[in-house]
Amino acid sequence: MRILIVEDEDKLRGQLLSALQDKKYVVDVAKDGEEALHLGQEYDFDLAIVDLGLPKINGVEVIERWRANSIAFPIIILTARGNWEDKVEGLDAGADDYLVKPFHLEELFSRIKALLRRSTGHAHPVIHFANNTLVLDLSGKKVSVDGRALELTAYEYNTLEYLVLHRGKTITKTALTEHLYDQDFDRDSNVIEVFVGRLRKKIDPNNTLKPICTVRGQGYRFELLPDN
Amino acid sequence: MTHAHFYSVKHSILGRLLLATLVLLPLFCGLLGWSLDKAFTSSTHANEKAKLTLQVYSLIASAELEQDSLWLPEHFTDDRLNQASSDLFAVVFSKDPYTLIWRSKSAIKLKVPASWKATEIQPGSAVFGEVGNSQDELFFLQYHVVWEGDGEVERSFQFVVFERQDRVNQQIKAYRQTLWGWLITIAISITLVQVLILKWGLKPIKAVSDDLSLIQQGKQNKLHGSYPLELEEMTNSINTLLSNEAEQRKRYKKTLSNLAHSLKTPLAIMQGSLKPNNSAQNAELAEQINRIDQIVSYQLKKAISVPLNPFSNTIPLKTNCQKVVAALHKVYRDKPTNVVMDIPEDLTFKGEKGDLMEILGNLIDNAFKYGKGKIHIEASPINKNGLSLVIEDNGNGIATEYREKLLQRGERADTTQIGQGIGLSVVADIVSSYQGSIEINQSDLGGALVTVSL
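Listed in order, the protein sequences are those of chains A and B. Take any residue in the first sequence, note its place counting from 1, add 4, and you have its number in my numbering. Take any residue in the second sequence, note its place counting from 1, add 43, and you have its number in my numbering.
Hints listed in this document are in silico derivations from the structure and should not be mistaken for laboratory results. Each residue gets a CB set at the ideal place from its N, CA and C atoms; glycine is no exception. Fair warning: there could be bad hints in the mix.
One side of the interface only, derived from the structure: several residues of chain B facing chain A at Cβ under 7 Å [unchecked claim]:
1. K296
2. S300
3. T308
4. L310
5. Q314
6. G315
7. V368
8. A370
9. P379
10. V383
11. E401
12. G404
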């Protein structure tokens, strides 16, 4: 999952960056409204965290301009004053949730997870596939097959989560790379293929479910329908 | 005059000017009428004196002294002296002793009024005057003539001509009727014209007042009209005052915003620096950060609420309520909630938009947070500019013992939900700065019912 952090205060930006990277999110940062506007329009993020008090262009205007350009990723606003006029203005401009400074990082993580889940149309954090054969718990970041918990690496889990949350859509290897791995990741490597190969073996050892199909020359697609 | 009338005259420039006109105009018309009446009466009397003098001269001219006796003709050219019932008669007295020696035919029925006494005057001079009672008023002219009789003996005669005043009085009466008729007509016309002139003259003041009331209603932010020179300085000053006030308010808000940003961001950094190792030191630090945060949040939110300004805008309640509800539907997307809103379209809140949003945000957020999917928001106007706002939900409600405490700073009944616990107390502070009231009760829906009167 690729997240954009827009915060002018260096230390807070750095903290958020490392905290989210620790959670295996791919993170980009912007230190003012102008940079945020540019990054949001140029790259395909899964979520943005935007401070309202930004230099150059304020947070509300950034959000308004993104939304006017049909940029639909979910947005969490960070507000210092926490007054309702600002919150409502931010939410009205197109944000999806807010956090008042100072906040607990756990609170931010849970809001991020909820928003990512909601943005992909899943009301519940636990998603069941193939009559409960495959279960993905988005909040606990756990996967089980036939009631047995799977041991997945963070990258493997993130790959599966991204494919599940974009079910039915073909995800290119480049998109997967951009959304799942840090910028210094070697994009020419066949690591993605290795991860997908390993994932297939772990979640479908007998090759009966065939949850991830390869679209030749394009990428991968998660095919299973959720149980409800 | 009733108290209300007195109040309106005292407090209205138009009323004051009209009152002054109504006092001054009759006084002026009265004095004018009186002086014109005086002038006309004295001119009539002078005219009468002249006429009677001519009569006396004519009598003297026709009189002859023969053998010490005065002779006057039987017949006069002025027929009124010949007719018994005319309004003019003449008499002649001899002096030493005073004896009536002649009277005109017209004086046969008429008598010299008992109240009349001949005046001692120099020969060749005349006295003009009025005599008689209210039924029979007369003008008279007495003329003293000295003739030299036989043996160069001087004989004195008093020629007196009397004329009834009826005809002159009729003339004066007719004149007075015409005069006062016109004066009253002129006074009424002047009053009516004066009302129109005053209204026209005071129109710019009314325009200023209308403009000010538009500003109070939030329909404009300065005086737009083109005003006369006399008012221009005042209206320019008001506009400067208004724009300074707005600028100051904006600056104040911005300063608070910057202050919040510069205080809260370091707190967020401190919070983020705490390692999740659950050490006692961390817990202590976290508690202190939380305390500072609560104090800063409470004081900043309190500082936003400023005393009521007469030029505060009027903020539409329903649209803002809808905005808050729409925003909260987003935040609580995982908790489907049915919100029923019963707010008149034209109901407005007179005050700062930030204060209204703070009241609505905190109360509706609580209803979303603690309710179980049903919220009812109702508002109605009270008094002239006030409103009553009721927000209720179908949650568990608030226990009676907590209700008072919750309206105090930093109190919260439930610690299982995230929040700073200052929402209701901030609302209570804002409400009290508007001299309003807030009350927590049990709703028929099952949860809390908060009533705010502003």
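For this session: Using 7 Å as the Cβ threshold, decide whether S300/B counts as touching chain A.
Result: The hint holds - S300/B has a Cβ within 7 Å of chain A, the shortest such distance being about 6 Å.
Exercise. Should the interface hint for G404/B be scored as holding, given a Cβ-Cβ cut-off of 7 Å against chain A?
Worked result: 3 Å, holds
Problem set entry | Residue hint V383/B, partner chain A, criterion CB-CB below 7 Å | Since chain A brings no Cβ nearer than about 20 Å to V383/B, farther than 7 Å, the hint is violated.
For this session: Answer holds if the nearest beta-carbon of chain A is closer than 7 Å to that of A370/B; otherwise answer violated.
Result: 4 Å, holds
For this session: Go through the hint on G315/B and say holds or violated, using the shortest Cβ distance to chain A against 7 Å.
Result: At about 4 Å, which falls below the 7 Å cut-off, the nearest Cβ of chain A leaves the hint on G315/B intact, so it holds.
Exercise. Quick one, is the Q314/B hint okay against chain A at 7 Å, beta carbons?
Worked result: OK, holds: Q314/B within 7 Å of chain A, min 4 Å.
For this session: Let me know if the C-beta of K296/B comes in closer than 7 Å to any C-beta of chain A, holds or violated.
Result: K296/B check fails; min Cβ-Cβ to chain A is 9 Å, beyond 7 Å.
Exercise. Do the numbers back the hint for V368/B, that is, is its least Cβ distance to chain A under 7 Å?
Worked result: Status violated, d = 10 Å.
Exercise. At a threshold of 7 Å, is the proposed contact between T308/B and chain A supported by beta-carbon distances?
Worked result: At about 5 Å, which falls below the 7 Å cut-off, the nearest Cβ of chain A leaves the hint on T308/B intact, so it holds.
Problem set entry | Restraint check, 7 Å cut-off on beta carbons, for P379/B near chain A | Check failed: Cβ of P379/B comes no nearer than 10 Å to chain A, outside 7 Å.
For this session: Identify whether the interface hint at L310/B stands, where standing means a beta carbon of chain A within less than 7 Å of its own.
Result: 4 Å, holds
Problem set entry | Per-residue hint verdict: E401/B, partner chain A, C-beta under 7 Å | Because about 5 Å separates E401/B from the closest Cβ in chain A, which is inside the 7 Å limit, the hint holds.
The structure shown violates the earlier hints numbered 1, 7, 9 and 10.
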